[in-house]
Each structure stands twice: as structure tokens, then as C-alpha cells.
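Going by our numbering, the sequence shown opens with residue 1, and the numbers climb by one from there.
Possibly wrong hints are sitting among the right ones.
What the hints assert, rightly or not - No farther apart than 16 Å at their CA atoms in a straight line, the calculated lysine to aspartate or glutamate pairs in the EDC-like style are these:
#1 Lys91 / Glu52
#2 Lys95 / Asp111
#3 Lys88 / Asp119
#4 Lys91 / Glu126
#5 Lys155 / Glu78
#6 Lys88 / Glu52
#7 Lys138 / Asp119
#8 Lys95 / Glu131
#9 Lys95 / Glu60
#10 Lys155 / Glu92
#11 Lys88 / Glu72
#12 Lys155 / Glu49
#13 Lys91 / Asp106
#14 Lys138 / Asp106
#15 Lys91 / Glu78
#16 Lys95 / Asp106
#17 Lys91 / Glu115
#18 Lys91 / Asp129
#19 Lys88 / Glu60
#20 Lys138 / Glu115
Please keep in mind that the hints were generated in silico from the structure rather than gathered at the bench.
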Amino acid sequence: MNMSQRKWLLLLASLSVLIVLVIASFIVQLRNTTDQIDTIHEQRFDSYEAIEEIMYYNIERANAIRGLLAYEDRRFLEAYYSMSQRTKELKESIKNDPRTPSSFLDLLHRDGIWEQEADRVLVMYESGDIEQATVTAKSMTDQRQTILEDLRALKQMQYNDIRKELVSTQNQIDIVIQALYSIVFLLVAVLIILMFMIFKTRQKKTDHN
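Make the full structure from the sequences, and use the hints.
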């Protein structure tokens with residue numbers, strides 16, 4: 001093997017290593033992008049689901065108060081306290097999560113004010129002042145409706161943010177894959193050319209001998 005052939009083989013080996021490194025680099029990039037998608041799902045959807053649960057408990061608790069005042073059935077009272085306990089646990093979990101948006105925390109604060117008014121209604125009911133309890137409960141309707149509307153708006157905003165981030169991440173994946181195909185195709189083409197050149201060099205050497 002002469003010096004020229006050694007140079008060609010060295011170049012061929014170097015190019016082969018380069019192809020492997022490029023492919024490995026893109027695989028790492030794709031893995032990081034996939035991890036980013038998982039992070040979006042974990043962080044965003046947890047908050048999205050929390051909003052869903054808060055909305056559900058809010059509606060059901062408001063219905064429990066109305067049912068209690070309309071029918072004076074203590075089963076509604078038990079249902080209210082049961083759902084309030086679940087809501088409290090959920091809120092504590094949300095507040096302790098550093099990823100929770102400040103807009104969501106503000107809504108939870110306003111919801112806490114509504115809960116204080118709801119507790120006043122129940123105290124009035126327990127004391128026998130059903131008429132005043134009913135009046136107070138009706139005055140809370142607009143406040144409750146506003147909070148629910150804001151929760152729905154926040155839920156839609158969360159959905160839009162999730163969708164935008166997922167689309168952006170998917171675009172990154174498409175770009176990475178396209179770049180990978182292009183670079184690998186180019187390197188393979190160069191590799192084939194080098195192999196052809198080595199073959200021609202050997203053939204010339206054989207013919208010369």
C-alpha cells in the first residue's frame with residue numbers, strides 16, 4: 001500500500017467516524033427535544049387538569065348550597081363539606097407547586113374569598129336564619145360566575161399555550177430530522193466518491209504493474 005492509498009484510507013476512516021458522530025449528535029438532539037415535549041406534558045397538563053378539577057368542585061359546591069337552601073336536606077351540606085375538603089387539598093398542592101402560574105394563584109385567592117362567604121351562609125343556615133342565608137347566597141352568584149368564567153378563560157389560555165409549545169417543538173424535530181437526512185446523504189455521497197477514488201487508484205497501480 002503506497003502513501004497515496006494510505007491517505008485515501010485515512011480520509012475514508014475519518015469520514016466514517018464523522019458520519020457516526022453526526023448521527024449520534026442528532027440522536028442526542030432528538031432525545032433532548034423529546035424530553036422537552038415530556039416536560040411540557042408534565043408541567044402544563046398538570047396545571048390544566050387542576051383547573052378542570054377546581055371548576056368541577058366550584059360548580060358542585062355552589063349546587064350543594066342551592067340544594068341545601070331549597071330543600072333543607074342535610075345531604076347537600078355533607079356533600080359541600082366533602083367537596084370543600086378535596087378542594088382544600090387540591091389547592092394546597094397547587095400553591096406548593098412552584099410551576100403554578102401567578103394568574104392561577106390569584107384566582108385561588110378570589111375563590112378563597114367566595115369560600116368565606118359560603119361558610120357565612122352555612123353558619124346562617126345552622127343558626128336557623130334560612131332567609132338571610134338565601135339572600136346572601138344569591139348575592140354570591142355573580143361572584144361565583146365571574147370566577148368560573150375566569151377559570152374557563154385561564155383553561156383556554158393554558159390549552160393555547162400547550163398547543164403552541166407542542167407545535168414549536170414538533171417543528172424543531174422536523175428541522176433536526178431534515179438536517180440529519182441532508183447531512184448524512186451528503187456524507188454518504190462523499191464516502192462513495194472516496195471509495196471510488198481508492199478503487200481507481202488501486203486499479204491504476206495494478207495496471208501500471
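Here is what the structure says about each hint:
1. Lys91 / Glu52: Satisfied, since the Cα-Cα distance of roughly 12 Å is no more than 16 Å.
2. Lys95 / Asp111: holds, 13 Å
3. Lys88 / Asp119: holds, 14 Å
4. Lys91 / Glu126: Judged against 16 Å, a Cα distance of about 26 Å means the pair is violated.
5. Lys155 / Glu78: Measuring from Cα to Cα gives roughly 29 Å; hence the hint is violated.
6. Lys88 / Glu52: Distance ~15 Å between lysine 88 and glutamate 52 Cα, so the pair holds.
7. Lys138 / Asp119: Holds, at roughly 14 Å.
8. Lys95 / Glu131: violated, 36 Å
9. Lys95 / Glu60: violated, 22 Å
10. Lys155 / Glu92: Status violated; Cα separation ~19 Å.
11. Lys88 / Glu72: The given pair, whose Cα atoms are some 25 Å apart, is violated under the 16 Å limit.
12. Lys155 / Glu49: At roughly 9 Å apart (the allowed maximum being 16 Å), glutamate 49 and lysine 155 satisfy the hint.
13. Lys91 / Asp106: holds, 12 Å
14. Lys138 / Asp106: violated, 23 Å
15. Lys91 / Glu78: violated, 20 Å
16. Lys95 / Asp106: holds, 10 Å
17. Lys91 / Glu115: holds, 12 Å
18. Lys91 / Asp129: violated, 31 Å
19. Lys88 / Glu60: holds, 14 Å
20. Lys138 / Glu115: Distance of about 14 Å is within 16 Å: holds.
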